[in-house]
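J.: Chains A and B, in that order, give the protein sequences. Numbering-wise (the working numbering), the first sequence opens with residue 98 and increments by one. Numbering-wise (the working numbering), the second sequence opens with residue 3 and increments by one.
The hints are simulated quantities; they were obtained by calculation from the structure and are not laboratory data.
DMTMM-like cross-link-like pairs, simulated, lysine to aspartate or glutamate; straight-line CA separation at most 20 Å:
1. A:K545 - A:E511
2. A:K136 - A:E125
3. B:K350 - A:E609
4. A:K409 - B:E227
5. A:K616 - B:D336
6. B:K115 - A:D401
7. A:K594 - B:D19
8. B:K321 - B:E279
9. A:K333 - A:E301
10. A:K616 - B:E4
11. B:K350 - A:D621
12. A:K616 - B:D19
13. B:K63 - B:D364
14. B:K67 - B:D288
15. B:K350 - B:D18
16. A:K291 - B:D128
17. A:K620 - B:E352
18. B:K350 - A:E217
19. B:K350 - A:E615
20. A:K234 - B:D128
21. A:K594 - B:D18
22. A:K616 - B:E352
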Amino acid sequence: MIVIRGAEVYDYAHGIHGVVQDVWVDGERIVDAPENPAKYDVIDGKGCIVAPAGVEIHSHFAGYGLDSIRQFLSSNSVALDALAPSPETVAERYLKLGYTTLFDAASSPLLSLTTHQDLERMMVVDRGTYTLMGDHKQLLSALAKGDTSEIRDTIAWLLQVSGGYAVKLVNPGAGFAWKNNSISPGLDDPIGWKDLTQRKIIQEVVVAVNEIGLPHPVHLHARRLGQPGNQVDFLKTIKALEGQRTHLCHIQFYAYGTDGKGGYASAAEQVVKAIESNKKLTFDVGQIIPGPAMAITADTSSLDFLRRMTRKPWISRQLEGEGGVNALPLEYLPADPTSAVQWATGMELLLRFPDPTRMFLTTDHPNGGPFTAYPQVIEWLMNRSSRNEMLHSLHAAGDKRSGLSECQREYSLEEVFAMTGYGPAKALGLSDRGHLGVGALAELRCYKKQSNIKAMFEDPAWVMHRGQVVVKNGRILKTSQGRTLLVRPTWDEGRRKAIHSLLSRWISFQPEHYALGEKYQVKDGLEVPCS
Amino acid sequence: MELHSVACPFCSLHCDDLHLIYDGGHWKLISPACSLASRRFKIWEPVPGRTTSPLIQNATKILDKAHQILIVLTGDVEQETAIPALNLARATSAYLVRDNNSIDENVSSAMQKAGLLSATLGDLRDRADQVVILGDDPEKSLPRFWEFVGSKKREKAVRINSKEILENIQLLRLQRRRLKTTIKKEITGIATRISRAGSGVVFVNSESIIADVNELTEIMLWLKELGESTNWFGQILVPSTNATGVARALRSTTGYSGGLSFRRGITYHDPRLLQFESIIKNHEVDAIAIIGGVHLLPRHILEKLDGIKTIVISSEKPKLHTNAWLPCAQVGIDAPGTMSRLDGVPVKFEPLVNSGHASAQDYLDKLIQRVNI
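Extracted from the complex, chain A is given alone in its bound form (with noise of 0.2 Å):
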């Protein structure tokens, strides 16, 4: 048993905000403090801050699409270490941040061997990836065919052989329209499959995933990504909902006007007043950082856009029987008018938006950038000057087409420990971890107290996971094996011929073999029950 004393704790989900108390600590989980403790360690707290550890809702770090990054990046080290580290490093990197669960945020079932021997890779931490689906034909035909208990179990089953934890929408549709010479089509116009349209396709999903009771609902790569004047766009997909529970990723991306000229201006304040209200919904921002990123996604027909507008070469791999994976390298450049547009839409969503248990901090790694610039956005949202400092020091673009200098707020301590751990916990379905209520999971985090935000949360004092402190001081302490976070929704499994049958004229081998194969077991696989 272990009790850490004297530390001002943070627990957002118990309203506790920075109030000196004990923490108890038995095993691998939080626990009331016993009346006549017989024998226990005192961590002393004493001048440092205790939160619960980070949960990483969107980043990708592993899988087929890191692979096409270093093919790119081989000739720059520098970026080559920053966007796409080893799966040991990128554990290392977040443990010494704080966080100890993460997500991957897209993998293709075709592919997910890939994602998951990467996975395996990772120490200590708890991880699991997000299976994409919205261009997947065995899901298309099933959507086409209106039968809502074989979208159920066809949803089901990609998640059983992918080993996925949620179900990730990408475009969703759009995949399959571009493999067919059809650019990008709208909300409502058919993709080429019958009458499916991606209007159908996302609302048939989303009820689907809320039904099955998965503990993250759909998470969701809206249409239009990081074009000018798409907020329009978005808050259609947005209105689309219906109100249903969703998680809507990287909305910086979405949330661009126009400038009158067909350049970039900061919808963010339309885009906050529409999403607001419907509190069924959660979002993660994406924020870019200034300096080389690579856009990786399974959304080419946005990655297309984007090359021909850049100019830049592009890798892009089509897989059989679903959508594809593309890279392309990008740098958001201080001097550049769209990149500070892009920096400032950012800041303005997470400052506009009020609830930090429903927006969170990601920076879409390596999309916006790496997810180690994690402090030095924290210390632009609690500390104005520094927030006005970098706006000023960028293109003047980013003030004079963005409301970010009329921001006013400052993020308290609590409001960043919730955007970057209650909240995505919660999201996530993941009632174990993200509080410090009795029974939970002892993920904590340690920093000792400073005015420099940034280096405070560079540089944790401490990172407890399931009670035993991994990292202390900078130096992991322990680098046993972490847990993957899977599901395992029951499925009709006297659908399996039909799905066979059907899934083997769209692939190239025997569908017992398709993704991880039938008899593959994730090592250290972790069920997270459904609801």
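Here the structure of chain A is known, so what remains is to put chain B in place on it, guided by the hints.
T.: Below, chain B without anything else, positioned relative to chain A:
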């Protein structure tokens, strides 16, 4: 013992529909009619059942005495071997290279420069009307290649396999006007067929094509322009069974797919200088550990290994004088492992029989434990 739907480890297509019978220590392929798989399964026999300790001891001695070691990872080992091979290279301050550091990357780079997409085989089958092959017909090294791409496409496939045609195409693209009247009949025919296709795929058979990145890029641009369509794909056909997977495994750990030096504890990458051939020619090493099939290395360089102590970890007895051969189990028969199809789709192999023999990874792990660091 009779087995169905078995994956084949013997070429980079990794067909997974094999029907096999195992009887009296021997394999017989019942279907499909693949000459390569049939022969390889037939000649397979478990590696000699020798005690591994003396073999490891001998190999450790060689590594300990060496001043500079080269570790060569060939493209027919399982992906899981890459990390222990890297660890051994780090532990012994060695060089680490692949058998074909540059070929596949040069081709990939050319495809990227030409703006060709890539796709997995099932997608190519469904979406590419015209097949163009740079190099020889891959049927010899990939016997069931046309089954994957579509057998009917073979008849109208365009094959460009002479240096002369390649050079002419390059000139044609660079100086179109001047050469217009001198286009050879053959090139005209090729151009006509390509320009009529709505979509297509360019396969580069890396075994037989001899061209540098710039030449390849020119050719691919020409092909793509003729096709006037964005639906043109590119795919390299690799000779070894897992070159794609080994490259990816190395990249996922170091960022690079080979050409690595760990001398004096510093990691250094130079894909141009740190290649098997140049390291041997420059007499930079006095010991080599080859992990995988020796047959994938250039014979004319293997003949220059006099005076260099050689360790080989492979499932087949190497046709090369070695100071230590550590015979290991074969992935997909008596060892587990992951290999990648030539289009990047990962294939997990489980052992079909339990021979109890050490895998390449087992040997490497033991060597790491024993070498003097």
